[in-house]
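Each step along the sequence shown adds one to the number in the working numbering, with nothing skipped, and position 213 is 213.
The hints are simulated quantities; they were obtained by calculation from the structure and are not laboratory data.
Careful, some of the hints might be misleading.
[As the list claims (entries may be wrong)] List of simulated lysine-lysine pairs, DSS-like, C-alpha gap at most 30 Å:
1. K292 to K184
2. K169 to K194
3. K188 to K169
4. K78 to K279
5. K78 to K129
6. K184 to K161
7. K279 to K179
8. K161 to K78
9. K292 to K194
10. K279 to K15
11. K279 to K292
12. K129 to K184
13. K295 to K184
14. K15 to K129
15. K194 to K216
16. K279 to K184
17. K264 to K161
18. K216 to K169
19. K179 to K169
20. K169 to K279
21. K78 to K188
22. K279 to K188
23. K188 to K216
24. K216 to K184
25. K264 to K292
26. K295 to K279
27. K161 to K129
28. K292 to K129
29. K264 to K179
30. K179 to K194
31. K188 to K15
32. K179 to K216
33. K194 to K295
34. K292 to K216
35. K292 to K179
36. K179 to K78
[Unchecked claim] Each pair of labels, with its calculated beta carbon distance range:
37. A133 to E8: 29 to 35 Å
38. E170 to H44: 30 to 36 Å
39. S108 to L164: 47 to 53 Å
40. G204 to L12: 36 to 42 Å
Here a beta-carbon is modelled for each residue, glycine too, at the ideal position from N, C-alpha and C.
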Amino acid sequence: MTLCGYQEQITLDHKQEWELYHNSFSLCSKKLRVCMAELELPYHDHHVHLIETGSYQNVGRDYLAVNPAGLLPVLVHKGHPIYESHDQIIYAAAQAGDRGAELFPEASELRAEVERWIDCASMVGDPIKGSEARAGHCVPALTVPIFATMVSHIATREILKGLLTHPNKERPMIFLLLKAFGIKRLPKLNPVMKMLARSRTHMGEHLDRLDEQLAKHGGPWITGERFTLADVSWMVILDRLTEADWHDYFWGGGSRPELDAYWKRLTERDSYREQVLDKRCPMTLLGIEEVKQAKQNSASLRAALEGRESMRHP
1 MTLCGYQEQI TLDHKQEWEL YHNSFSLCSK KLRVCMAELE LPYHDHHVHL
51 IETGSYQNVG RDYLAVNPAG LLPVLVHKGH PIYESHDQII YAAAQAGDRG
101 AELFPEASEL RAEVERWIDC ASMVGDPIKG SEARAGHCVP ALTVPIFATM
151 VSHIATREIL KGLLTHPNKE RPMIFLLLKA FGIKRLPKLN PVMKMLARSR
201 THMGEHLDRL DEQLAKHGGP WITGERFTLA DVSWMVILDR LTEADWHDYF
251 WGGGSRPELD AYWKRLTERD SYREQVLDKR CPMTLLGIEE VKQAKQNSAS
301 LRAALEGRES MRHP
């Protein structure tokens with residue numbers, strides 16, 4: 001079996017068989033934490049801050065020694081890292097015996113179906129491009145509203161540090177713009193709003209396909225009776241949409257009934273409660289409430305974010 005993403009040539013200091021460098025808010029970190037919980041694999045925990053949760057710890061000297069790209073999460077197995085989250089969950093399942101075989105089935109046809117849904121929920125390469133092909137690539141733009149509320153509480157000097165240390169200078173520049181404009185003036189950022197509109201449209205198409213898939217199999221999970229890594233991957237996509245107050249827009253009011261029921265089932269799993277809800281940091285909780293409040297207080301802001309000419313239209 002190919003060891004998916006396993007960097008045998010790199011050895012890191014480690015205390016346990018499994019170690020996880022992650023961030024409470026990071027989408028891919030959530031995916032890996034949920035996966036490890038579902039596989040019942042214990043790990044040594046290293047929380048690493050991103051600017052949206054307080055600071056650019058991810059581009060500090062210590063963490064760059066773990067991942068020179070400064071990206072999260074990193075899964076470490078026996079001292080060897082795996083860097084991409086879609087590789088991480090498949091690798092972990094391959095090491096987890098019977099439970100791993102449940103989440104990542106060995107039967108070729110079923111495995112191929114699981115892999116297709118994992119891929120659609122993944123971010124591969126440039127996260128800004130490719131939203132038509134992958135729901136994962138729709139997430140960055142759809143996260144912008146909560147980014148705008150979260151960074152409003154971060155000192156400008158902390159964001160400026162990213163211009164010196166971050167490998168991708170565009171990221172701190174975007175956060176500086178979001179801090180300067182805030183969520184109320186977000187519609188004035190035309191390039192951001194165009195990106196958001198494109199991602200909103202494409203995410204709707206991905207969710208239509210997911211709703212149809214659930215109806216075809218009759219649920220309760222994406223491939224039928226078995227909960228798999230496909231469901232792990234989509235759990236965190238739907239959670240992010242909920243965090244950024246897209247729940248009602250995308251599957252409220254009976255618009256996608258199979259998806260609505262599926263989301264409710266996902267939220268009932270222990271892995272969701274323990275690895276997503278219970279790990280939300282105060283900054284995220286504050287950001288969630290401020291997005292909701294801003295949209296409730298301004299019909300024009302809600303209409304701009306949701307692409308609605310009138311709030312009377314779905």
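Now the hints, each set against the structure:
1. K292 to K184: Holds - the C-alpha atoms of K184 and K292 are around 12 Å apart, at most 30 Å.
2. K169 to K194: At roughly 21 Å apart (the allowed maximum being 30 Å), K194 and K169 satisfy the hint.
3. K188 to K169: With Cα atoms ~22 Å apart, K188 and K169 stay inside 30 Å; holds.
4. K78 to K279: Holds, because 25 Å separates the two Cα atoms, which is no more than 30 Å.
5. K78 to K129: violated, 34 Å
6. K184 to K161: This hinted pair holds, its Cα atoms lying about 25 Å apart.
7. K279 to K179: Judged against 30 Å, a Cα distance of about 24 Å means the pair holds.
8. K161 to K78: Violated, because 33 Å separates the two Cα atoms, which is more than 30 Å.
9. K292 to K194: holds, 21 Å
10. K279 to K15: holds, 23 Å
11. K279 to K292: Judged against 30 Å, a Cα distance of about 20 Å means the pair holds.
12. K129 to K184: Within the cut-off at roughly 26 Å; holds.
13. K295 to K184: OK: K295 and K184 at ~9 Å, within 30 Å.
14. K15 to K129: violated, 38 Å
15. K194 to K216: violated, 33 Å
16. K279 to K184: Holds, because 28 Å separates the two Cα atoms, which is no more than 30 Å.
17. K264 to K161: At roughly 40 Å apart (the allowed maximum being 30 Å), K161 and K264 break the hint.
18. K216 to K169: violated, 44 Å
19. K179 to K169: holds, 16 Å
20. K169 to K279: holds, 28 Å
21. K78 to K188: violated, 49 Å
22. K279 to K188: Between K279 and K188 the Cα gap is close to 33 Å, so the pair fails against 30 Å, i.e. violated.
23. K188 to K216: Since the Cα atoms of K188 and K216 sit roughly 42 Å apart, the hinted pair is violated (cutoff 30 Å).
24. K216 to K184: violated, 41 Å
25. K264 to K292: holds, 20 Å
26. K295 to K279: holds, 25 Å
27. K161 to K129: holds, 26 Å
28. K292 to K129: Given that 30 Å is the threshold and the Cα spacing comes to 27 Å, the pair holds.
29. K264 to K179: Not OK: K264 and K179 at ~33 Å, beyond 30 Å, violated.
30. K179 to K194: holds, 19 Å
31. K188 to K15: violated, 49 Å
32. K179 to K216: This hinted pair is violated, its Cα atoms lying about 44 Å apart.
33. K194 to K295: holds, 19 Å
34. K292 to K216: violated, 34 Å
35. K292 to K179: holds, 18 Å
36. K179 to K78: Judged against 30 Å, a Cα distance of about 40 Å means the pair is violated.
37. A133 to E8: 29 to 35 Å: At roughly 30 Å between Cβ atoms, E8 and A133 fall inside 29 to 35 Å, so the hint holds.
38. E170 to H44: 30 to 36 Å: holds, 33 Å
39. S108 to L164: 47 to 53 Å: holds, 49 Å
40. G204 to L12: 36 to 42 Å: holds, 41 Å
Of the hints listed earlier, those the structure fails to meet are numbers 5, 8, 14, 15, 17, 18, 21, 22, 23, 24, 29, 31, 32, 34, 36, in rising order.
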